[in-house]
Every structure is written in C-alpha cells, then in structure tokens.
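For the record, the sequence lines run as chains Z and L. To convert, note that position 196 of the first sequence is 196 in our numbering; the numbers rise steadily by one, no gaps. To convert, note that position 167 of the second sequence is 533 in our numbering; the numbers rise steadily by one, no gaps.
All the given hints hold, so there is nothing to weed out.
Some residues of chain L that are not near chain Z, with every Cβ distance over 10 Å (derived):
| hint | residue |
| --- | --- |
| 1 | Leu-404 |
| 2 | Gln-511 |
| 3 | Met-559 |
Restraint ranges, calculated between C-beta atoms of paired labels, are given here:
| hint | chain 1 | residue 1 | chain 2 | residue 2 | range |
| --- | --- | --- | --- | --- | --- |
| 4 | L | Thr-468 | Z | Ser-249 | 42 to 48 Å |
| 5 | L | Tyr-550 | Z | Thr-292 | 19 to 25 Å |
| 6 | L | Glu-472 | Z | Gln-252 | 34 to 40 Å |
Pairs of lysine-lysine residues, derived as DSS-like cross-links and limited to a Cα-Cα distance of at most 27 Å, are as follows:
| hint | chain 1 | residue 1 | chain 2 | residue 2 |
| --- | --- | --- | --- | --- |
| 7 | L | Lys-460 | Z | Lys-281 |
| 8 | Z | Lys-307 | L | Lys-460 |
| 9 | Z | Lys-304 | Z | Lys-284 |
If you're looking for bench data, these hints aren't it; they were derived computationally from the structure. The structure displayed is predicted, hence computed values, not measured ones. We put the beta carbon where it would ideally sit given N, CA and C, even for glycine.
Spelled out from the first residue to the last, the chains are:
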Amino acid sequence: MNKLHGLAVVALVCFLGGCGTPRIDPEQSSLPEPVDVALVVFQDTEAGLARLNLSIAVFDVKSEIENSIYSSKIQVSSFERRYLPFRLKETLDRAGFWGAVRVMPQADLNSEINVTGTVLFSDGVELRLQILAVDATGRVWLDRIYQDLTSDLDYSTDPSYQIDPFQDLYNRVSNDLSDSLGSYTKLDRDLLLNVAMLKYARELSPETFGRYLSEDMGIITLNGLPSEDDPLLQRVQRIRESEYLFADSVDQHYESLHKQIGPTYAWWRYYSYELIEGNRKLTKVDATRGATRGSWYAMERIYKTYKESKMNEDALRELTNSFDRETEPTVADLAGSVIRLTGTLDRQYEEWRRLLRELYRNETGY
Amino acid sequence: MVIVRLLVWVVLVALIPVRVTAEAPNRHNVDFSGSWELDYQLSDHPSEKIRYLYIQARAQAERAAERAQKSGRYVDPRIFNVQSVVGLGRLTEKIAQATVLTITQEDDHIVISRNDDFALVCDFGEMGWKENAIGIEGCAWDEDQLAFQIALPDGLSVFHQFSIAADRSRINVATTVKVSGVSYPFTLNRVYMPFEPGEGMFECTYTIANQTSCTLSGRNE
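Construct all of the structure, not just a fragment, from the sequences and the given hints.
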C-alpha cells in the first residue's frame, strides 16, 4: 500500500515538477561533434568587383530568464548580444570579401547586406545562433541555425583564453556568406549598391525617391535611377556619409566594449566551461568514489560528491553575479557640431537618425 | 540511457518520504532574510544526541533480544543496527555543520548561503523536483516552514526544514538524514540567532578580473 502510495506521489510529482528528468530538446538531440572549420579567405581573383558593405545588428537573445535568481545571467546575455556580433565582424573582416563590416544597434538601412542573429543558447560549452542575412533587395542569403561545441582543446590552446573557443562557428557563417556572394556578378553588385542608396534616400524623402523603387512581398525592384548630378541625391549622399561616420563611431564603441569586457567574458566563459564540464563528469563518476557500498564512509563520499557539484553551481552563480558591463556615451560630429549622445546605443542610434532627418529637412525644405 | 536515469530517479524519489509537494505558495509571507549565527545554547549537541539515541537504541535492542530469548527464538543482534545511530549521527553532524547563514529572500526566490557549505536555493516559481549532477532535489512551503529535500544515490536522503520565530529572534533548521536499510532517521535541530555583520569586518567581493578582493571600513586592502 505504501509502495503504491509512493508511486502515485512520484507520478504526481513527476507530472507537476517534471521529475527533474532531462528534457530532450529536438535541436539538442542532434548536437554536432565539435569540428574544425577553416576560414575561407578572399583570393585576389575578383579584383574590380565592387565591395558590398555588410552590417550586423546587435543580436537578439532568446531569453527565458524570468526569475531574479538568474537576473545576473541577463547581464551576461546583454553583453553577449553585443560581443558575439563583434566576433563575427572580426571574422568577416579577416575573410576580406566585404567592404565595411559594421556592428549596429539595429538593422541598418544603409548597407547592402544586413545580418541579424538570435542567441538561442550560450554557455562555455555550447553556442547556438540563428543567423539571418538579407540583402538590400530583400533576398535572403542565409537563414540557418549554427551550433558549435567546445572541448578542452579549445581552451587549452590559448592560455589567456582570448582566442574565441567558438571561432569555428563564426568561420562557418563567414564561409556561407562568402559562398553566397560568389554567385554575384558585377551587375548584381551594382544593383545592390543602387538599391541600398535609394532605400536610404527614400527613408529621408519618400516623396522624391519613392518612385525609383517598388516593393512586392518584401522584394524590392529598381525602377530607375536619379541623375548622378541630381542635387537632392547629392545631399542624400552627403548625409549618408555622416551616417557612415556615426556608424563607425558606434562600431568603435563595440570594439572598445570588446576590448574592455572581452577578457572578463573570456574568463567567465572558461570558468563556466570548467564548472559545467566538472558537473557533467561528476554525473559519470561513482559517487562513492571507491568506498565500500553501503558503508558510512561511502555515504559520506556520496554526500561529498553532491556537495562538490552544488559548490560548482554556487561558483557559477557567483561568477555570473560578478559580471557587469558599462556603456559609454557616444560623441559624434554632425554638420560641424559635436553631438553627445547618451542612453543605450539603441536610443542613441534612433536619436542620431532623427537628427539626420531633421538636417535633411533643414537643408532641402522637404 | 535517459530511461535508465529516469528509472533511477523514480526509485530514488520512491525511497524518500515525500514532503516536497507541488507549488505551495508562501501564503504566510514568511521572510527568512538576514544574517544568522548559530546559537549553541539552544541547538542540539550532536555528540549528546548521538549518545542518547545510541543508549535508547541499545536498550530497545536488548529488550527485544530478551523477549526473543524468552520465547526460545534466536535473534541476530545486527538487525537492530545500533551502530548505525552513530554513523547516521556523525553524517548528520557533517551535513548540518553551518554556523553562519546569510539569507537573501525575494518574492520569487530564496538563497541560503551557509559557511563552508553550498547554498540552498529555492525558486518559488518552480518548487518541484529538479535533477542535479548527483541526485535530485526539491523545495516547498509547508505552511510557514520552508523545506528542502535532497535524494542521493544508495538511498541517502537529506531534509532541511526551516522555521522562524514570530518575533524573528531565532531560526530553527531541522536537518534529518535517512538511509534506506536503517529504520530510524536522525534529526539535528540547529538554532540560529540574528546578527549584524558589524564594522571592522572585511567585506569581500568576487570579480572575474581581480578574483576576491576585500575591503576593510571602505578601504581597499
């Protein structure tokens, strides 16, 4: 009767609390083995083709953190969503297929290719990103989930832990993007440059530039081009240059964030790897650790093993608590006056765009 | 592999007295937060308790053996497992060793940090059983008491029950350890009283870059 009662309670507890059994995530169940991916680097065979600019928006985070015990993980995520795009940017720069590669607070109208991403999962052991790359005409280049797992080797090769253990993942994204670019002829690239420019112009003055583009189901078609000496287009180009300056300033901000907090983050990731791996190893060891089963010494060893795993969890929580970040105000030059933008970069970016639109209206009267 | 682990957990849970039930809210608005230190006077003294229970268990065993002898039956004295009282008591003493508790409690969770030990953490939003690297654990409100339960391999289970006096003058932590095959659990009551971490103490913070750094009266040491 007691056993039946016990089983009934177990069933209820399992139903209510999941019984602590490991959840099988369909995406997790097919985790790839860590593989080395070499970065494909631009070979000078495409000389003469226009370089396309590529913007990477700060990543989104698939956050399920609701409880304040884990609020410190939000800080780490908040840094990761800015840091990981920067690592991707560095990789794309090294690959050398692109014009300017910038990290921006939001998707950037100004660039020929926009990359957005979502951090699906991240710790010292695994990184999973959803990456979407769309060009100025709305054509999707990439829409994929990328995963990478680290091993002891990824951390042991760099004693200062500054080499990113997930570099293979960035290499794979970069290779996929350059692969897509390979099929683009000079004509295709020129079309993208023109569409990107006119999209920017249309944003500033839909009345003047809206007619050059038409849009159907998210795909933009170029209907024509304004004359190169059109004074309105020249103004747009000038303002676009200012936007580039701001974009560079924002990009520098991410670079400095990377320099300042990157080493701390690298350590955080390494420690978290050690603690997570430590606990994974503990699940595989005999908790009695060689003591005679059933003896009091064995019981003590079991409790000690459990305590060790809990101390690892505590250390990871403390480690995460100690992670903090700071954002600095951005100083930018706009039409001869120095503008100091404060608040989050996202807000700064919106403010900057508002100022540019205002400047255009003041100059053109539109 | 997953099924085997699931079966192991089911067996583990079945072996322990189930006190952790599904989400019971903190309806008495109990607040344990603060710094607490062991009150030696009011707490159980492990050695005395072990001695007392050992004497009791031995007397019980002797009486049972005597009864058996009178009725002409042989009873193996090992079934009374008197020595287990000492083993269980010593293990409980190690598990309930903390002399200082630092408790932070929010609406949705509690973290009970214990000196030289791991913290007991309860997420009030998810109070069911959770799997740990070694065993399973859970927490629950039992009226105005907060209970933590841990089920480990080889039938070892640990239960901590926290209760606080209405005037917040004391916290009692009843730690019960039970092992399958030993018919009686061992409970140790440890009483804690509030204290203010006073001036002159080192205040240490951990940062990833600097590791642990301590300050004394606001100055970097």
